[in-house]
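K.L.:
Sequence:
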Amino acid sequence: MLLLGCFLVLSLFAAQLVRLQGLDAASVSAAALDGRLAVRSIPAERGTITDVNGEPLAISSERRRVVADPTLVVDYTLKDDEGEIVAEGFAAAAQVVSEVTGADRGTLLEKLENPEGDQYAILLPDVSPQTWQELRQRNVRGLSAESFMRRDYPLGEAAAPLLGWVGAGGLPAGGIELVKDQMLTGTPGEAVYEQGRDGEMITTGLYEEEPAQPGEDVRLSIDADLQWYAFDALRTRVKEAGALRGYAVVQEVETGRIVALANYPTFDPAEPSQTSEEMRNAAIEDVYEPGSTAKLITAAAALEEGIVERDTPVEVPVSLPRAGRAFRDVEPHPILHLTFAGVIARSSNMGTILAAEELGDQRLYDWIRRFGLGTPVGHGLPGESAGLVPEPGGTIWSATTPYTMMFGQGLSGSFLQQVGVFQSIANDGVRLTPSFVQGTVDAEGRYTETTVPEGTRVVSEGTAQTLTEIMQQIPATGGTAPLAAVDGYHVAGKTSTADRIDEKTGRYSGVTSSFIGFAPAEDPKYVVGVAVQRPTKVSRFGGVISGPVFASIMRYALQKEGVEPASTPPLTLELEYDPGARAPGEPSGVTLGDIAVKDEGTP
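In UniProt numbering, the protein residues as written are 1 to 603.
Do not rely on the hints blindly, as some may be mistaken.
Here are the simulated lysine-lysine pairs, DSS-like style, with alpha carbons at most 27 angstroms apart [unchecked claim]:
| id | residue 1 | residue 2 |
| --- | --- | --- |
| 1 | K537 | K504 |
| 2 | K79 | K504 |
| 3 | K525 | K560 |
| 4 | K239 | K537 |
Computed Cβ-Cβ distance ranges for the label pairs, DEER-style [stated by the list, open to error]:
| id | residue 1 | residue 2 | range |
| --- | --- | --- | --- |
| 5 | E305 | T448 | 25 to 31 angstroms |
| 6 | D499 | T187 | 24 to 30 angstroms |
| 7 | E561 | G205 | 57 to 63 angstroms |
Derived by calculation from the structure, the hints in this document are not laboratory data.
Note that CB positions come from ideal geometry on N, CA and C, so glycine has one too.
Could you build the full structure based on these sequences and the hints that come with them?
P.N.:
And the structure:
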């Protein structure tokens, strides 16, 4: 009976084995395999952002996040070469990790004792794959690694506002990173593998992988060397001047492409968790009253409409009553006898009004809009403002508005809008939309260059040439910005010292000191603009504060490009005239200044 009973039980076992290993082998094996399978996401490499020469400005690198399961680590034992137990549990794991990585042992121990979850503790948020392999070879029970891609920025804070950054959650914020995110973002892959009881991969088991597809590369028109040089020069000047902030830009005249765009102060894009008011592109987002650089628009309109010519005499009085207000120049002076070229070169507010008031309100407004103020530039970066140009007869239009607008007060715009005015003149009167992207490179390495958009003619070539001749007198001994001169090259440019609105009080406080110009004047290659907000030291005038920075950046850009110095002396114009020496047949007393004398004292 006992033998029969044993035989019966063993027969049942045998039948079950036949069923499992014979009849149901495939399904049982599949169920067991499913229990051992794990799926790991393979991060896709984000596309690289490079400068115009292919130098990386933003690049992704593969990194590891070392994590621990405290419920497994607690059973780990560290032994020496003789097999003696040195440490156990959390203390043992912390000691090994500290030896391999150099991390603080006490900090590691605290993270194991106070994990983020019951089975999850981040020991090291960012280590190299090589470091993880060294740690993995120590066979610490319960340790594993998570792969991720870290974004690095070789130029650091010098290009941060332009490039933007990738935040802690892997999401882009600001700049090129944001606007080109769809192009830069790749497609993640997936790995399926067998794992053991402790979560380690079974090397001889099943492994299937769908590779990740990297994102496309974006090549900017930015020159990395010039970008750093402009940033460093701007940073130095903002500190010297005790200023609030500053911006500098270098633009190609014939393409509109931006070669450098710098802000100071700025931020570190490698710190994804930071929050700061300065994590923005102030050169694009700030809107301010441009001041005398906008006189270039007024001058262009007066020339184009035939109201004045380059040598038209303008008698500039001591004060100029208009709309119930007495307008004056920045520095007091007696009656001046200037040519129209002298009015612009000496940056006379009253002279500008006298030369251009015949335009009238509507024509003045139309010319300002024609040069791009009051309309978004269209470069595609986030945070752009259209600025504010009051409309004639509108709610914020007053009797003095047209007069103040003639010399750049009472209207506002962005720094790039102001630079665009000078690019239009340098480009023979054709305005181009500024751009930052030179081209793209797909996953197969095929490069596609972006096309240069067609420009919009703003003024005639003749007017542009006349303004260029006039502006060559400004960075010269008789002009307002001799410090903006570049040795060996002919430079055309304009200063500005504009009252600025305090963001907190809404009242005028301090000035915006700027200089914008282009060179070589006879065949312009670059427009360079520098603006410093609220300087408190050195000076307040644009020619003194921003002129030297302009000269330094322009000199570097021209020499880096290999532009030959000028072989002829600079152009010299007559900026003043003798009121007693009129040309034969010229009617007596017909100068623009006579109108001012006649109106003296009139409300």
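K.L.:
Can the suggested window of 57 to 63 angstroms be confirmed for the beta-carbon pair E561 and G205?
P.N.:
holds, 59 angstroms
K.L.:
Could you grab the alpha-carbon distance between K239 and K537 and see if it respects the 27 angstroms cut-off?
P.N.:
holds, 9 angstroms
K.L.:
Could one say that the CB atoms of E305 and T448 fall in the range 25 to 31 angstroms?
P.N.:
The hinted range 25 to 31 angstroms is violated for E305 and T448, with Cβ atoms some 43 angstroms apart.
K.L.:
Lying within 24 to 30 angstroms: is that true of the beta-carbon distance D499 to T187?
P.N.:
violated, 53 angstroms
K.L.:
Sort out whether K504 lies within 27 angstroms of K79, counting only the CA atoms.
P.N.:
violated, 65 angstroms
K.L.:
Does K525 pair with K560 here, judged by a C-alpha cut-off of 27 angstroms?
P.N.:
holds, 12 angstroms
K.L.:
Between the alpha carbons of K537 and K504, is the straight-line distance 27 angstroms or under?
P.N.:
holds, 21 angstroms
Hints 2, 5, 6, counting from the list given before, are not met by this structure.
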